[in-house]
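These protein sequence lines map, in sequence, to chains A and B.
Under the working numbering, the first residue of the first sequence carries the number 1, and numbering increases by one thereafter.
Under the working numbering, the first residue of the second sequence carries the number 1, and numbering increases by one thereafter.
Derived by calculation from the structure, the hints in this document are not laboratory data.
Nothing here was measured: the structure is a model prediction, and the numbers come from that model.
You can trust all of the hints, since none of them are fake.
If you anchor each label on the Cβ, the simulated ranges turn out as follows: (1) N203/B with K180/A: 35 to 45 angstroms; (2) M153/B with A154/A: 35 to 45 angstroms; (3) A91/A with L33/B: 48 to 58 angstroms; (4) E114/A with I34/B: 25 to 35 angstroms; (5) I133/A with L68/B: 42 to 52 angstroms.
Below, simulated BS3-like cross-link-like pairs (lysine-lysine); rule was C-alpha separation at most 27 angstroms, straight line: (6) K164/A with K171/B; (7) K180/A with K153/A; (8) K153/A with K179/A; (9) K80/A with K93/A; (10) K155/A with K180/A; (11) K49/B with K116/A; (12) K93/A with K49/B; (13) K217/B with K164/A; (14) K164/A with K179/A; (15) K93/A with K82/A; (16) K155/A with K144/A; (17) K164/A with K183/A.
The beta carbon of each residue, even a glycine, is placed where N, CA and C say it ideally should be.
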Amino acid sequence: MWGQNSSIPSCPQMLPKAAWSLLLRKGGRGRRGMHSSEGTARGGGKTPPYTNCYAQRHYPMPEEPFCTELNAEQQALKEKEKGSWTLLTHAEKVALYRLQFNETFAEMNRRSNEWKTVMGYVFFFFGFAALVIWWQRVYMFPPKPITLTDEWKAKQLQRMLDMKVNPVQGLASRWDYEKKQWKK
Amino acid sequence: MPHPVQLGLQDATSPIMEELIAFHDHAFMIVSLISFLVLYVLSSVLTTKLTNTNITDAQEMETIWTILPAIILILIALPSLRILYLTDEINNPSFTIKSIGHQWYWTYEYTDYGGLIFNSYMLPPLFLNPGDLRLLEVDNRVVLPIEAPVRMMITSQDVLHSWTIPTLGLKTDAIPGRLNQTAFTAMRPGVYYGQCSEICGANHSFMPIVAELIPLKIFEMGPVFTL
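All chains should be built: construct the whole structure from the sequences, respecting the hints.
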């Protein structure tokens, strides 16, 4: 995809773990003393396997370049990079970017369809809970007390209005005693 | 008593309760502002595109978010303490009533001018008249005068109870072996309900308090003092 034809994997994600650690140790960049000053700007002097070469949303500037084992063509490109950058073609700039980073910002920040799965599970459990509650209503709940019938509630409300319950800002303040209706 | 779908406090019947309602509004506003601020900060932290994981110092911000809550707490504490001391003021009560909690009823003693003592049991649902309030009505109500300072002496005969009437701003524990005092001055006549507010056994929810407040002239006529 980037113009490389070699069958040797040059990017770390394709290497097995043992070879990966060998590679890093050979590169010499992984071994940093805890007190070395050159390491601090890059994340505080971490040793493998805690150095990272993958950019993440919360830490988009990785310490290691993505591809550290370069074939001859890529090494020639790296040499060219040491000169003036205006001499690089667009394709070469893209190739250099791909050597340094595994994903672009757009690729790294891409959305996913995970939310659909999550909402599916949520609604499923809502439905299940609704079924449980319905079953309880049919088979378990006792009969309602007599005071919850409409007739009783009407008499109760009339009694509360006669008692002028909460006349300042509550119930009785919303009833018009002259016109015998709720205030508009 | 509460009305359906009531969200806030019941309307005040005594001046102390008016103070408490005002304080509640004040504290609620402060709490709402803080909550909205936190919600805003949380949402902006979660949706920002800026990511810097190397910040280690934030001295100015830390100073502000230490001093500002202290100031807010003082602003809440000052009105609160004022009301606390208001409730303890000497108000020269004209009348003293004793309220004794039992499992699971109240006993009221009017011993100032006579010797009236009676029990107050909750009316079971079968004994209610149509339109009565379930779990709130009692057989004998506490009859009291309005616009006169009343002193309540509250104690218990067995376990802890609590004598409560929210609209008067009263809640006092009934502790066996101890006399607690509370005082109030009611401003409006009416029937006011409350419920026992300290867990006291199986029928803790079924020992309500009902105060019937009548004009002083009618109270003076003396029907309450006959034995």
